[in-house]
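*Asks:* Model the full assembly from the supplied sequences, consistent with the hints where possible.
Going down the list, the sequences are from chains A and B.
Under numbering that gives the first Met the number 0, the first residue of the first sequence is numbered 0, with each subsequent residue one higher.
Under numbering that gives the first Met the number 0, the first residue of the second sequence is numbered 0, with each subsequent residue one higher.
Just so you know, the hints here were simulated from the structure itself, not pulled from any lab data.
The beta-carbon is built from N, C-alpha and C at its ideal position, and this holds for glycine as well.
There may be inaccurate statements among the hints.
The calculated lysine-lysine pairs, modelled on PhoX-like cross-linking and capped at a C-alpha distance of 25 Å, are [to be verified]:
id: 1; chain 1: A; residue 1: Lys94; chain 2: B; residue 2: Lys37
id: 2; chain 1: A; residue 1: Lys48; chain 2: B; residue 2: Lys91
id: 3; chain 1: A; residue 1: Lys27; chain 2: B; residue 2: Lys95
Simulated DEER-style distance windows between Cβ atoms [what the hints assert, rightly or not]:
id: 4; chain 1: B; residue 1: Gln28; chain 2: A; residue 2: Arg165; range: 33 to 43 Å
id: 5; chain 1: A; residue 1: Leu3; chain 2: B; residue 2: Glu94; range: 29 to 39 Å
id: 6; chain 1: B; residue 1: Asp59; chain 2: A; residue 2: Asp34; range: 45 to 55 Å
id: 7; chain 1: B; residue 1: Glu94; chain 2: A; residue 2: Asp34; range: 17 to 27 Å
Partial pick of chain A residues on the chain B-facing surface, computed with a CB cut under 7 Å [what the hints assert, rightly or not]:
id: 8; residue: Ala44
id: 9; residue: Asn47
id: 10; residue: Lys48
id: 11; residue: Ala70
id: 12; residue: Glu79
id: 13; residue: Ile81
id: 14; residue: Ile87
id: 15; residue: Ile88
id: 16; residue: Asp136
id: 17; residue: Lys137
id: 18; residue: Val140
id: 19; residue: Lys150
id: 20; residue: Ile159
id: 21; residue: Val166
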Amino acid sequence: MAQLKVNPTRMELKRLKERLKTSARGYKLLKDKTDEMIRRFVVIARENKILREQVEQELGIALQGFVFSRAVSSNQVIDEAIIMPNRIIELQCNKRSIMNVAVPSIDIKEQSVAQDMYPYSFTSVTQELDNSVEILDKLLVKLIKLAEVEKTCNMLADEIEKNKRRVNALENVIIPQLEETIKFIKMKLDENERSATVRLMKVKTMLEQN
Amino acid sequence: MYNRIGVIGNKDSVLAFNAVGVEVFDCTQPEHAKELIKRLSKEGFAVIFIAEQLAEQISDVVTRAKTQPYPAIVAIPLDKEGTGYGMRSIKKDVEKALGIDILFNRED
Numbered sequence: 000m001a002q003l004k005v006n007p008t009r010m011e012l013k014r015l016k017e018r019l020k021t022s023a024r025g026y027k028l029l030k031d032k033t034d035e036m037i038r039r040f041v042v043i044a045r046e047n048k049i050l051r052e053q054v055e056q057e058l059g060i061a062l063q064g065f066v067f068s069r070a071v072s073s074n075q076v077i078d079e080a081i082i083m084p085n086r087i088i089e090l091q092c093n094k095r096s097i098m099n100v101a102v103p104s105i106d107i108k109e110q111s112v113a114q115d116m117y118p119y120s121f122t123s124v125t126q127e128l129d130n131s132v133e134i135l136d137k138l139l140v141k142l143i144k145l146a147e148v149e150k151t152c153n154m155l156a157d158e159i160e161k162n163k164r165r166v167n168a169l170e171n172v173i174i175p176q177l178e179e180t181i182k183f184i185k186m187k188l189d190e191n192e193r194s195a196t197v198r199l200m201k202v203k204t205m206l207e208q209n
Numbered sequence: 000m001y002n003r004i005g006v007i008g009n010k011d012s013v014l015a016f017n018a019v020g021v022e023v024f025d026c027t028q029p030e031h032a033k034e035l036i037k038r039l040s041k042e043g044f045a046v047i048f049i050a051e052q053l054a055e056q057i058s059d060v061v062t063r064a065k066t067q068p069y070p071a072i073v074a075i076p077l078d079k080e081g082t083g084y085g086m087r088s089i090k091k092d093v094e095k096a097l098g099i100d101i102l103f104n105r106e107d
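*Replies:* See below:
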């Protein structure tokens with residue numbers, strides 16, 4: 000195992016011991032953090048999947064209705080009907096923190112110009128368009144939610160990966176390295192001490208012989 | 000400030016979103032879509048929905064955007080048949096975070 004290149008002194012030993020203590024504490028904290036993040040991630044990932052399934056299904060229905068209405072009415076009529084929306088959706092975006100990861104939290108701040116959500120008169124277009132617009136309107140809330148959840152999922156996954164790497168680095172590299180080096184310095188110091196004692200004894204006998 | 004929503008996709012399917020007050024962008028070319036995403040993120044779009052087919056072709060841009068909170072780029076199936084890109088990306092996330100996919104493998 001690789002050990003650090005340091006001078007085997009007491010100063011160094013003290014410094015390394017301090018570092019080992021910090022690393023061990025950091026390791027424990029990071030490991031706990033990963034565990035908690037994974038627990039939250041699993042919940043969010045499940046939600047993400049369910050939401051996406053719902054959205055994909057409903058979106059299919061809505062768009063199908065739209066295609067139907069296009070087939071029945073002329074393109075021009077449809078374009079004219081929906082080119083000017085009645086309402087403008089505005090979002091209220093903030094950042095929320097999950098385990099110190101800044102994730103988006105998005106709310107809809109709707110600015111409705113008119114009460115009616117259909118931007119056209121009913122005489123010009125078919126019922127399919129009404130239906131598909133209605134479904135889409137309801138779906139929008141879910142879509143926004145999906146965006147929020149999916150982004151949270153992405154970012155958490157990213158952070159978990161990074162965190163895992165840190166934990167591994169601490170567990171498998173930094174901590175063993177420090178332990179090894181501390182052991183090395185201790186042995187070196189003991190060795191020095193022994194050799195000093197031996198030298199003293201030697202000198203003493205030499206003095207006695209004379 | 001991020002507060003706008005946009006949809007990128009081919010004209011026929013995207014137009015429906017116009018009726019509910021979402022800004023729509025007609026786009027079928029990958030290069031065009033890349034530029035569009037770049038522009039929209041500068042202009043303060045919080046959420047960009049993009050057709051799955053397009054997202055798959057420019058997955059590098061979509062993946063890179065995942066690391067920042069905004070804009071959230073979400074792939075949704077705008078054409079009749081989705082390519083399943085969105086679902087796959089969830090799966091990928093799970094694999095990235097947990098090492099193996101233990102959440103979804105039952106269905107496959």
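*Asks:* State for each hint whether it applies.
*Replies:* A quick look at each hint next to the structure:
no., hint, in the structure
1, A:Lys94 x B:Lys37, "holds (21 Å)"
2, A:Lys48 x B:Lys91, "holds (12 Å)"
3, A:Lys27 x B:Lys95, "holds (22 Å)"
4, B:Gln28 x A:Arg165: 33 to 43 Å, "holds (41 Å)"
5, A:Leu3 x B:Glu94: 29 to 39 Å, "holds (36 Å)"
6, B:Asp59 x A:Asp34: 45 to 55 Å, "violated (32 Å)"
7, B:Glu94 x A:Asp34: 17 to 27 Å, "holds (18 Å)"
8, Ala44, "holds (5 Å)"
9, Asn47, "holds (6 Å)"
10, Lys48, "holds (6 Å)"
11, Ala70, "violated (11 Å)"
12, Glu79, "violated (11 Å)"
13, Ile81, "holds (4 Å)"
14, Ile87, "holds (5 Å)"
15, Ile88, "holds (4 Å)"
16, Asp136, "holds (5 Å)"
17, Lys137, "violated (9 Å)"
18, Val140, "violated (11 Å)"
19, Lys150, "holds (4 Å)"
20, Ile159, "holds (4 Å)"
21, Val166, "violated (13 Å)"
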